[in-house]
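Trainee: Each chain, written out:
Number of protein chains: 2
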Amino acid sequence: MPNVQRLERGPMMTGGTPLRSLDEEELLARILPVFPLGEDLVVAPGDDAAVLRTPGHVVATTDTVVLGRDWLDAWSSGADIGHKVVAQNLADVAAMGGRPTGVLVTLVADPELSLEWVLDHAHGLAEACAAAGVAVLGGDLSSAPAGVVMVSVTALGRLDGEPVLRSGARPGDVLAVRGSLGLADAGLRLLQADAVDRLPEAVEHQRRPQPPLEAGPEAAAAGATAMLDISDGLLRDGGRIARASGVVIDLDPRELAGDVDALAGAVGAEAALDCVLAGGEEHSLLATFPAGTLPGSWRRIGSVRAPAEGEAPGIVVAGRAVTHTGWDHFRTT
Amino acid sequence: MPNVQRLERGPMMTGGTPLRSLDEEELLARILPVFPLGEDLVVAPGDDAAVLRTPGHVVATTDTVVLGRDWLDAWSSGADIGHKVVAQNLADVAAMGGRPTGVLVTLVADPELSLEWVLDHAHGLAEACAAAGVAVLGGDLSSAPAGVVMVSVTALGRLDGEPVLRSGARPGDVLAVRGSLGLADAGLRLLQADAVDRLPEAVEHQRRPQPPLEAGPEAAAAGATAMLDISDGLLRDGGRIARASGVVIDLDPRELAGDVDALAGAVGAEAALDCVLAGGEEHSLLATFPAGTLPGSWRRIGSVRAPAEGEAPGIVVAGRAVTHTGWDHFRTT
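Just so you know, the protein sequences line up as chains A and B, in that order.
Each residue of the first sequence is one higher than the one before, starting from 1 at the first, in the UniProt record's numbering.
Each residue of the second sequence is one higher than the one before, starting from 1 at the first, in the UniProt record's numbering.
Be a bit skeptical, because a hint or two may be false.
[Claimed, not checked] Computed footprint of chain B on chain A; a stretch qualifies when at least three of its residues, placed anywhere within it, have a C-beta under 8 Å from a C-beta of chain B: (1) 41-52; (2) 92-99; (3) 104-118; (4) 134-144; (5) 155-165; (6) 252-263.
[Unchecked claim] Computed from the model, here is a short list of chain B residues facing chain A with C-beta under 10 Å: (7) ALA146; (8) LEU159; (9) ASP160; (10) ALA278; (11) GLY280.
[As the list claims (entries may be wrong)] Listed below are several chain B residues computed to face chain A (Cβ distance under 8 Å; list not exhaustive): (12) THR54; (13) VAL66; (14) SER152.
Hints were generated in silico from the structure; no laboratory data involved.
Glycine residues also receive a C-beta, built at the ideal position from the N, C-alpha and C atoms.
Just chain A, with the same shape it has in the complex (with noise of 0.2 Å):
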């Protein structure tokens, strides 16, 4: 666990309507209303719980976000952690080939938090979730001590087949991704950089990940061998797949120079390979298919073999070795 400076309190804490100032009916009678409601729910927010209907299989995830960790107040509006906090839950339903259908979001704040930024946080949540035909089930309001926000989501999907694990690639199967590969990372530099204009899509993606989620119902329908969503970089998650299937991933270097072009004019050549080699909180999706059944709307991006004599399961980029840090070996390629 990395350590967390306190944080000043920037704009979302001043200038607006304590949350203090509200009791906690007042301030669901705000929120409330602004959630969609999914096709699949029997009981909606109010009762002690919700109630959703589904056939077979629930799939469920959770995830928090923490200001001053996994956002600062300058870079993100309210909205903007709504939108992220919600498609990276949702990017974990379609990974295992689910249909997010639904999604339950807890807020721990400190009391001076203004009443204006949960509202526009509750609107980035509630587009999100109704891009998604997703519903909001229910949550709970806590107060913390002062500087704190957290979110904390746990989406709930339906699976209608198998669930797609991140252990079933085998040798001869093609590794393929279906969305962007980098941009949330370059998007992290332009902010850090205060250079958001060079490329406003990277930044955009940073602020409003938009995880390709249809792709992943898609994938496990035509008969994806392991899955997964790019939180951690292409090399690292790639890995993991490579590691619980007991396989070689080996990564076609021809196939990203396109990725890397596309970012290298924003943030340079160098920063580029990294950010599509190791950049996190893409929420592309990630997958292995058998020769052959590769959907027309994924891009293969490499091939899965067994290991050698003596060679550990793990990612490779055209057949050499190479670490998170270990840049050279690529780019001598």
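For this one, chain A is given, so just place chain B on it according to the hints.
Mentor: Frame of chain A; chain B shown alone:
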């Protein structure tokens, strides 16, 4: 939202192995083996999301506890907090008529928090889940500013029939309870008075409530018309059923005399009455049933009638209006 005081660092922050000395993988390797896997689990923690087998309907609820707001280090161990946060979530599932099947757990903590506290907490979570046949489906770990420790649980359950809402009580129904009344509040008062020996079972119920989970589906099957768990007090929660259902609930003080007497020796007669009528965190189940259908394990404590001409829906005691602070009306009956 009540204000929260910043806390001085108590024992949970000192004297052990601080979380900052472990990386997330090492911490998970210590925590995950503690947790039970339920019968309905298809994919266990470790992939993008967990997968839970379920027919029909999913019940979902979430509840969060924050150090200094919901518990004090001096009064509750890590295991106590694990028991309590699971119990209050599972009670909400049971109060819909559902059977709890799984939980997701998020810990957001100051990196100075001790590993020993976290493992003790994990054991408490695990014990409470195992006792209920509930799986730990996954969760999230995040660091937080100094002094912050927060646990957020989302509970899922299956519902074989129709959900029991708060809004279904009808004139002629009987009001009944399953479980204790006032015990958790009496325990809190004994902790505050540093007099835990006066009624240890009350302190134990405050620290580790044990909701009668099996009574939820039982009540649903028996035809309960409305149900909730008592988290904010009998009067307030009973009033919620009354208003949601558009009825008047009339508590029978003769049926509550034994509950008051059981606490009076430890906290005094006046406080005992307050505990029974207004004590929160009890997590017993409160429900209404059509006359003649009350299961033998439930205890009748009142009746349901239509509002008189010009009378608002709500809760009364022996036919007389009572407010949250208006105990006089009650005490004179």
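Trainee: So, SER152(B) near chain A? Judge it on the closest CB pair being under 8 Å.
Mentor: holds (5 Å)
Trainee: How about ALA146(B): closest beta carbon in chain A under 10 Å, or not?
Mentor: Given a least distance of 6 Å, the restraint on ALA146(B) holds.
Trainee: Does the segment 252-263 of chain A contain three or more residues whose Cβ lies closer than 8 Å to a Cβ of chain B?
Mentor: It is violated: at least three residues are needed, and the segment 252-263 of chain A offers just 0 whose Cβ sits closer than 8 Å to chain B.
Trainee: Tell me if VAL66(B) is really an interface residue toward chain A, meaning its C-beta lies closer than 8 Å to one of theirs.
Mentor: holds (5 Å)
Trainee: Counting residues of the segment 92-99 of chain A that have a beta-carbon nearer than 8 Å to any beta-carbon of chain B, does the count reach 3?
Mentor: It holds, with 5 qualifying residues against the three required.
Trainee: Has the segment 104-118 of chain A got at least three residues whose CB is nearer than 8 Å to a CB belonging to chain B?
Mentor: n = 5 at 8 Å, threshold three: holds.
Trainee: Examine the segment 41-52 of chain A for residues whose CB is less than 8 Å from any CB of chain B, and state whether their number is three or more.
Mentor: It holds: at least three residues are needed, and the segment 41-52 of chain A offers 8 whose Cβ sits within less than 8 Å of chain B.
Trainee: Closer than 8 Å Cβ to Cβ for three or more residues is the test here. Does the segment 134-144 of chain A pass it with chain B?
Mentor: holds (count 8)
Trainee: Report holds or violated for chain B covering the segment 155-165 of chain A, Cβ cut-off 8 Å, minimum 3 residues.
Mentor: holds (count 6)
Trainee: THR54(B) was flagged as interface toward chain A. Is the shortest Cβ-Cβ separation under 8 Å?
Mentor: It holds, given that the least Cβ distance between THR54(B) and chain A is near 5 Å, below 8 Å.
Trainee: Does the CB of ALA278(B) sit less than 10 Å away from some CB of chain A?
Mentor: Check failed: Cβ of ALA278(B) comes no nearer than 17 Å to chain A, outside 10 Å.
Trainee: Does ASP160(B) meet its interface restraint, that is, does its C-beta lie within less than 10 Å of any C-beta in chain A?
Mentor: Violated - the Cβ of ASP160(B) stays beyond 10 Å from chain A, reaching only about 12 Å at its closest.
The structure does not agree with the numbered hints 6, 9, 10 and 11 stated previously, though it agrees with the rest.
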